[in-house]
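J.: Starting from the structure of chain F, add chains G, H and U where the hints point.
There are 4 protein chains.
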Amino acid sequence: MFLLNSHKSGRHFLQIPGPTNVPDRVLRAIDNVTIDHRGPEFAVIGKAVLAGMKKVFKTESHVVIYPASGTGAWEAALVNTLSPGDLVLMAETGHFATLWKKMADKLGLKVEFLPGDWRHGANPAQIEARLACDKEHQIKAVCVVHNETSTGVTSRIADVRRAIDKAGHPALFMVDTISSLASIDYRHDEWGVDVTVSGSQKGLMLPPGLSFNAVSEKALAASKTARLPRSYWDWQEMIAINSTGYFPYTPATNLLYGLHEALEMLFEEGLDAVFMRHQRHAEATRRAVRAWGMEILCKNPDEYSSVLTAVMMPNGHDADAFRKIVLKNFNMSLGQGLTKLSGKIFRIGHLGDFNDLTLCGTLAGVEMGLSLAGVPHRKGGVQAAMDYLAESAAKEVTASIHAEPSLIT
Amino acid sequence: MFLLNSHKSGRHFLQIPGPTNVPDRVLRAIDNVTIDHRGPEFAVIGKAVLAGMKKVFKTESHVVIYPASGTGAWEAALVNTLSPGDLVLMAETGHFATLWKKMADKLGLKVEFLPGDWRHGANPAQIEARLACDKEHQIKAVCVVHNETSTGVTSRIADVRRAIDKAGHPALFMVDTISSLASIDYRHDEWGVDVTVSGSQKGLMLPPGLSFNAVSEKALAASKTARLPRSYWDWQEMIAINSTGYFPYTPATNLLYGLHEALEMLFEEGLDAVFMRHQRHAEATRRAVRAWGMEILCKNPDEYSSVLTAVMMPNGHDADAFRKIVLKNFNMSLGQGLTKLSGKIFRIGHLGDFNDLTLCGTLAGVEMGLSLAGVPHRKGGVQAAMDYLAESAAKEVTASIHAEPSLIT
Amino acid sequence: MFLLNSHKSGRHFLQIPGPTNVPDRVLRAIDNVTIDHRGPEFAVIGKAVLAGMKKVFKTESHVVIYPASGTGAWEAALVNTLSPGDLVLMAETGHFATLWKKMADKLGLKVEFLPGDWRHGANPAQIEARLACDKEHQIKAVCVVHNETSTGVTSRIADVRRAIDKAGHPALFMVDTISSLASIDYRHDEWGVDVTVSGSQKGLMLPPGLSFNAVSEKALAASKTARLPRSYWDWQEMIAINSTGYFPYTPATNLLYGLHEALEMLFEEGLDAVFMRHQRHAEATRRAVRAWGMEILCKNPDEYSSVLTAVMMPNGHDADAFRKIVLKNFNMSLGQGLTKLSGKIFRIGHLGDFNDLTLCGTLAGVEMGLSLAGVPHRKGGVQAAMDYLAESAAKEVTASIHAEPSLIT
Amino acid sequence: MFLLNSHKSGRHFLQIPGPTNVPDRVLRAIDNVTIDHRGPEFAVIGKAVLAGMKKVFKTESHVVIYPASGTGAWEAALVNTLSPGDLVLMAETGHFATLWKKMADKLGLKVEFLPGDWRHGANPAQIEARLACDKEHQIKAVCVVHNETSTGVTSRIADVRRAIDKAGHPALFMVDTISSLASIDYRHDEWGVDVTVSGSQKGLMLPPGLSFNAVSEKALAASKTARLPRSYWDWQEMIAINSTGYFPYTPATNLLYGLHEALEMLFEEGLDAVFMRHQRHAEATRRAVRAWGMEILCKNPDEYSSVLTAVMMPNGHDADAFRKIVLKNFNMSLGQGLTKLSGKIFRIGHLGDFNDLTLCGTLAGVEMGLSLAGVPHRKGGVQAAMDYLAESAAKEVTASIHAEPSLIT
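Protein chains in written order, with UniProt numbering: chain F, 1 to 409; chain G, 1 to 409; chain H, 1 to 409; chain U, 1 to 409.
This is chain F alone, in the form it adopts within the complex (with noise of 0.2 Å):
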């Protein structure tokens, strides 16, 4: 029977930046019998993860969800909107960003691609300036990582738009969610984005294997006219037939249900105090990393991820050595550095379906595992982080004695 190599006693940490923990109660919803996804059960389902999906994306025009990873969804962004040859305007955030425009060159598309340092967002100045020398509006699509996994730097998605707005440009505003929707605030409607791109593997707290694209109007229009050839992401028979709750070809049933019961979970703790609680977190994170004398890759405190945290080794420390001493004693998986980051940085996700004292012992984790490496740093990273933590959670303390007259819920 099919075993996961679980010798050792306790639950592993999954402290990668996705794919995250997942809850019981969605692992459970996957593991119900599948059905005919062209009965009449079906389709209650189906409307209803479109509808949620449209509330997590905060968007009143269309979703469409993909049996696919994330890599999908962006592939499913430019071949719906773009022709052979089109110019786009990518920025340099990290790997992902960096992957994404290799996609692109397969596709043949033309990127330029604005140049980063991986320790900072999209800059909305560089785009406007690109943007408003293109006077003949050459460029077709600018692509922007919300959330760079890869580096824990979240690009301000608003502060684009108005970059684009100043430059008065007619371009398709693309945005990859991968790690940051259901985690961190995101307005696909109000921000004015054309497509985002989203996967169910963070911080949906599902499985990998579905993925999604929010599409605008202004997205859906021009994919009338776009000419990369596309079948399977095809936007236009996938929006017709899931307005009966069904899908043009065999969706991933299972998935589906899961996504079904994340929604529910994701609504009943409220999309806001889901944002608030990442935010949390991610700041007694970086108190930790400041205790230990370590530091934080992303360099501006606007653009702090609140799903994960890149910390950068001393010289002369690898990463990856710290890593599996961390995976072979504390049974915890931390991120990795990725391709020009290998070695150099160690990745602490701290997303999806957490709590308190799962970060605690997350970090305990990371703290040991720097002593037993023999990293330099200095102690009290745990308590840094439990202080912010106590203090917070002492707010809610005293508005909770004149507020409720019963702890049992």
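Pairs count within a copy or across copies, as identical chains cannot be separated in the list.
Listed next, the in silico DSS-like pairs over lysine-lysine satisfying Cα-Cα at most 25 Å (straight line):
id, residue 1, residue 2
1, 395, 324
2, 47, 328
3, 101, 224
4, 395, 328
Honestly, the hints are just simulated from the structure, not real lab data.
T.: Coordinates of chains G, H and U only, in the frame set by chain F:
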């Protein structure tokens, strides 16, 4: 909490020709915690499922696993091997062959569609004749659906291979086994197929969400010069990284757990035993249909499908009204007639995780449904099936009397 | 990893008269994390299941839930109400009545066992006559098994109550409903029962491990003077603490989750609908048995059991050899004949989470098994059952044509 | 559908000293379909769990498994071996010893209860002295709780055995290991215990609902003359039938699946490694308590419990108010003080399926809770625990550098 609408007592009979009834062992495997897809445990699983799928395809070349529906694997086959404007020869065996043809159109290929009556498989002689005329080898690929899910007709792939060989034509040979793999004998290497397309939700007994390409060296070579744009579906990077047990982008981890378990189940039973079981259940089903005095859609007994039987409704009776009565009264989903067969046939799926008694229940639901719907028929279909099942089981009983000391396994 | 020996394709047919097929909803409920049985969440569950069980027993007095098999609830009924040497009147309806009698012997009670032929229920006239003779009220309790699982005979409890009343006898009335509760109509209060005994693994659709006492005020009063030693089974402390939703010792938390879910399912379907479903399946089964030309063990049609049918084997044929052939060839477990019926009967369970098609599969397995085992019988049993099922379903079809606009629920 | 009230993000920390956190592998095993407890598959499971439990108890005599709570196994130990009015010597180690004593009273035994202060284990010298006085061997049994769950004190069973031997007394020796078995080293045979009592929901990592007796030949012989009435708990029939892998009445099938899985996990890790893990976590916990400047209830370091630590609250502070604050703010359940310790202590469970990071999270929850509740303490408890955990893990790291070529398992 997520809840299937299961106010009806007992288990639903999901007798559409896929998705099929997912066994508990597979659902429970999927219900394991998601792990780091870059960690050491994952590689063990990755290598195991890739090796297992080679055994199922009967190939020693390459297998590619996509987080996608079967439709995605159709697209992958085409975009990896062909260039814009390439001519493709396809055989019209039914609804799904037609959908694959439409996809090729959308992707910018030129398709010659050999017409069919939806009651026969692909015609090897017709294919041979067409290829023989193509002296300049304009035709780049021949595409055939092995088991046409919309009609219950299984094309003779080995004969098509011989037809291509007799014509001495170098076209790539692509076969869709979405509804046949792991249910009907199939031999990628022996039959000289270049790309075999398949999906998870039929004979592999998984929920939908995974799909596959088996890729010959010839096809892989073709992919190096093929010019249709591709990124998500690209074989090169996938195959390169798969050798380590990992994937270039996030795989559908939990569905891969399910695949691991399903492969174990198939190998425990033995692929040949699995094929024989499907044949036996199909024969029992056809005996029931004949006893009812009804007509099987498939005209050629050499092309009867082992995985489903499409049954023609008498004139003046609507197959969909009948199917609704069966669903409402007997909690069983049957397959509908698609496009030009809409309302004219219903399809009985008898594949996947299935046994004699579940087949008897299925056929009883059809027979009682025919009564309730007022469809003219003779009684005795279930009886005819039981007679055959008991008779064919009896041979084993006799054999086992001499062979086995005990029933305890 | 734990692995049921499931090398056979398809689902096992568990058609013994309990444990019954546990629905996925119940298994998944049990598969929730264990919580603090002293915490606030637990009390909500505790109160809900106690209230739900009162509805199932149709009582407004007390229900006690034990982490124990049904055998434990038998013991609880006796030790809470009786003193060493007390005289108890029991009716020999079959194997389980005999086991209860032996238990009473072991506990130091004196039992008068009204003899029976294992083909009839308890005889109200005989009970009345015996009680009428007992002028000095030596008899402290009358104990009857409602549905004798070993024979498929259901005693007429309301008639037994009337018999006790006519005799004007003050004995406690105790009834075992282990295999009838939630399958056959039962009314603890209306029928004046003092202690009703039940278990989880039959009509309640749970795995074994929970058992129950419904307790009248009269029985509770008796427990205050009863002198059989008891601690684990003691009602007083249990009932006192249950009012808060908690239990005096650690309850079987996860099975209580399952009970919560099972109660929801029963109430969704409606208890009366549940009883009607069992009656209809029992009648279909009896028609099959008669069509085979075989004999039903139960002699009195007023006492036919709705939950199982015991079928007599022709002389010279061994029921257990037949059952082994069915298990081996058709992956179905049937009930064996117990003690004096060993080898002479087999029992078909048709209770719990069950539906028409599963019944047809079950009966097909019996009919084919009779063929394989060379047991003399006529064909046509499944056909007879189908005719009845279709005919009785047809009434609903006709009715629903006028009532329902849509099949979508 | 059944739904735990899980509106809070992340996993609950169930840090009461049992029920413990049930591992997913065990929950999934329980979530298999129920099978025929008289069929051939069942016997395989039955034999395996009985054999496995013998290894856990370290006995070669008999193990009995009850579908019941641990309280039931207490009763079984007494009623199988003793007669009404028999004198039993029990040691007052805390709340659970007192409950066992009360049970003996209720069952009609005479109990001499050696007084204790709830801060020490059973006193071997006191037991020896009392037995030495009992020249006529009125005392039929000596009963000791191995790990007193209410206090976190572990009695020295080998020393008690020596005390009995020194007194030359023939009394039966009965030990409750409900909260120690499979967490703290225990040796039924070597220590000459006659009846060991245990339960499923602590070190065995199962939900509650199973309990156990390990039975020496001497105890089994005693049961032949013991006169307390018994039926459900009776060893004779149970042991007789168990040799075939079956049970005299319906066992709790699905919990036995879980037991099978839990035993596999324990043997995979190795019992000695399991004991060492518990000791290490207990020592880390005590270092945290001392760093906080708080007092451990257990006075004798030789009697520190490896499975829980009871911590004394400073005067004027209510442990239950503190526990509520922890539950509300940090989603963690801690154990309460029972009866005479009510409000005065809280108990930290560190047993079962547990690891270093979960312990750090647990201790962080306690330390932050102390702050929120305004309980006087010093910071640094988590730090002290981390220092010890890292230091003791470091030894392994050093060792493994020389021993292991790879981290891949």
